[in-house]
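> Hey, can you work out the whole structure from these sequences and the hints?
Protein chains in written order, with the numbering used here: chain A, 1 to 60; chain B, 1 to 497.
If you are wondering where the hints come from, they were derived from the structure by calculation, not from laboratory data.
Since the structure is predicted, the reported quantities are computational estimates derived from the model, not experimental observations.
You can take every hint at face value.
Partial chain A-side listing against chain B, Cβ under 8 Å, derived:
1. 12
2. 15
3. 23
4. 28
5. 31
6. 37
7. 40
8. 41
9. 48
Taking lysine to any residue and the SDA-like style, the derived pairs with C-alpha atoms no more than 20 Å apart in a straight line are:
10. B:101 - B:476
11. A:7 - B:485
12. A:7 - B:95
13. B:266 - A:48
14. B:223 - A:25
15. A:4 - B:480
16. A:4 - B:412
17. A:7 - B:486
18. B:266 - A:50
Backbone N, C-alpha and C define an ideal beta-carbon position, used for all residues, glycine too.
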Amino acid sequence: MTTKELKYGSFIIIVILLAYIIPYTLLTNVAAWYGSFLFWSLLALVIIVINYFLTRDWGE
Amino acid sequence: MSTQIVWWIIAIYVIIALVIAYLSRSGKQTNMASYFLGDRKLNGFVSALSYSATTYSAFMLVGLAGLAYNGGVGALGFEIIYFMGVSLVAFFGPRFWLVGKKYGYVTPSEMLGDRYNNKLVASVVAISSCLFLIPYSAVQLAGVGYLLQGVTNDAIPFTTGVIIATVLAIVFSYIAGMRSVAWTDSLQSLIMLITSTLVVIFIINGLGGLGEFFGSLETNQPKSLTVPGTGFFSFTTFLGLTIPWFFFSISNPQVSQRLFMPASLKSLRQMLMGFLVFGFIYTIVSVVWGFSASIMFPDLANADLATPKLLSSDLVPPVLGAIVMVGIMAAAVSTIDSILLTLSSLFARDVYGNIKKESNEQKQLIVGKIVIPVIAILAYLFAQLQLDLIAVLSVSASAGLIVAVPAIIGAFFWKRGTALGVLISVIVSGIMVIFLEFTQTKPLGLASGIWGILVSTLLFITVSLLTKAPEKKAEEFLTYIKTEMATLKKKKSTKLK
Numbered sequence: 001m002t003t004k005e006l007k008y009g010s011f012i013i014i015v016i017l018l019a020y021i022i023p024y025t026l027l028t029n030v031a032a033w034y035g036s037f038l039f040w041s042l043l044a045l046v047i048i049v050i051n052y053f054l055t056r057d058w059g060e
Numbered sequence: 001m002s003t004q005i006v007w008w009i010i011a012i013y014v015i016i017a018l019v020i021a022y023l024s025r026s027g028k029q030t031n032m033a034s035y036f037l038g039d040r041k042l043n044g045f046v047s048a049l050s051y052s053a054t055t056y057s058a059f060m061l062v063g064l065a066g067l068a069y070n071g072g073v074g075a076l077g078f079e080i081i082y083f084m085g086v087s088l089v090a091f092f093g094p095r096f097w098l099v100g101k102k103y104g105y106v107t108p109s110e111m112l113g114d115r116y117n118n119k120l121v122a123s124v125v126a127i128s129s130c131l132f133l134i135p136y137s138a139v140q141l142a143g144v145g146y147l148l149q150g151v152t153n154d155a156i157p158f159t160t161g162v163i164i165a166t167v168l169a170i171v172f173s174y175i176a177g178m179r180s181v182a183w184t185d186s187l188q189s190l191i192m193l194i195t196s197t198l199v200v201i202f203i204i205n206g207l208g209g210l211g212e213f214f215g216s217l218e219t220n221q222p223k224s225l226t227v228p229g230t231g232f233f234s235f236t237t238f239l240g241l242t243i244p245w246f247f248f249s250i251s252n253p254q255v256s257q258r259l260f261m262p263a264s265l266k267s268l269r270q271m272l273m274g275f276l277v278f279g280f281i282y283t284i285v286s287v288v289w290g291f292s293a294s295i296m297f298p299d300l301a302n303a304d305l306a307t308p309k310l311l312s313s314d315l316v317p318p319v320l321g322a323i324v325m326v327g328i329m330a331a332a333v334s335t336i337d338s339i340l341l342t343l344s345s346l347f348a349r350d351v352y353g354n355i356k357k358e359s360n361e362q363k364q365l366i367v368g369k370i371v372i373p374v375i376a377i378l379a380y381l382f383a384q385l386q387l388d389l390i391a392v393l394s395v396s397a398s399a400g401l402i403v404a405v406p407a408i409i410g411a412f413f414w415k416r417g418t419a420l421g422v423l424i425s426v427i428v429s430g431i432m433v434i435f436l437e438f439t440q441t442k443p444l445g446l447a448s449g450i451w452g453i454l455v456s457t458l459l460f461i462t463v464s465l466l467t468k469a470p471e472k473k474a475e476e477f478l479t480y481i482k483t484e485m486a487t488l489k490k491k492k493s494t495k496l497k
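Below, the structure is given as structure tokens:
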């Protein structure tokens, strides 16, 4: 693994852990669109951004 | 929905898809890589759309929407965790691509066989893929059957839908192998994304706008916006569903084989990023879709009927409803044809190719082409069993494929992995998953996929440590990847200077 992969890989692991933990703890009683629905959607966008930066070096 | 409109749209779809499949032919396809990998020359755009079409099957708008209908927002969490798992492509993609090109691999199992220096590894992994992916294809076929039956109020019977999908899958894979599959996939996924988004916009408008939409959920079904919510998505169920799907992008050969196909790393990157954008939109659309059905038809006996009901409702213009309906059928076909092609290449390359010593590329190609309809018919027979909840069966296929994950990770990141480690981990944990699924047992409340990955990891590591690793091959394979991955970065920095 390259250092870059390790760095972004750790970010991804943190995002995944948040996706498992937060909706089942902090958001269990937030029955609104800004609860788990928004949270998971935002995390998905974060993943897109991480992948964008992680793969920036891939050339022809 | 009028049966006549449905038939017309099916006819138009088939004609357009056949023309595209026919036009996609290019050059003579006389070897395995040209037929099954599109000559390793797919561009980023087609790769991205086709990857999306292969991954997102009829499951999304039928099964996932059904899960959202039954279990609420947990369905979104489930699909988003899968989506996050596709980040594995950012790590494994360039590695698959590099070694695929260097050693000429056609299938992921062939790669494992070569890396662990044992042909039996390739054969066993290939056979286990077939064992689990044929039921998975059957699930897709059954999805088409239910759907056509549902929207036309039984005017198109279950069996007719299943037969149409089977025949189309065979034809699309036959015309030009991966090229025709990739191009028809691209057509299908584009139409699907656009039309399903339109349907959701129509429905939300019909229900009084986004505010009203969520307002109605918050007042009438507040539990659908939380987990565990109604109780459907308990944490252990959530884990059991998500873990196998998290590894989907490397455990399922019909998608991991795609990592060999892009023309360059740049195309591979376009494939990944294109898929992520596509997947994000499609996931939200499918979940909102299920929610809409739960607002409009809260008391359906079977959640799989949510989509047919929605498409036949007054809020969706009939022609658009019919297009999406046929689009869902096409989504199933685009998943099945890719699986057919992959499984035939696995069989020809890793089973036939390893048993018959005198086999060559041409012979393997002939065998591969013969196997395509055979596998399709097996899937058809399985679909006729009409098993109940589509999502559950589909997930058990992923649970079965997960047992090869430790061997795949080990191939790239662990020198000590051995062939016996792979064989024992795949065979023993594969049988265990089948047993758990068959008897519907969940030891400690955990689903078969979780046990699959735990037991196979444990077996792979223990047996590998007790046996001798193919040091020379491992060294050569891993050094090559390391050097190439490092130059990848260097090339970039010299360019910047």
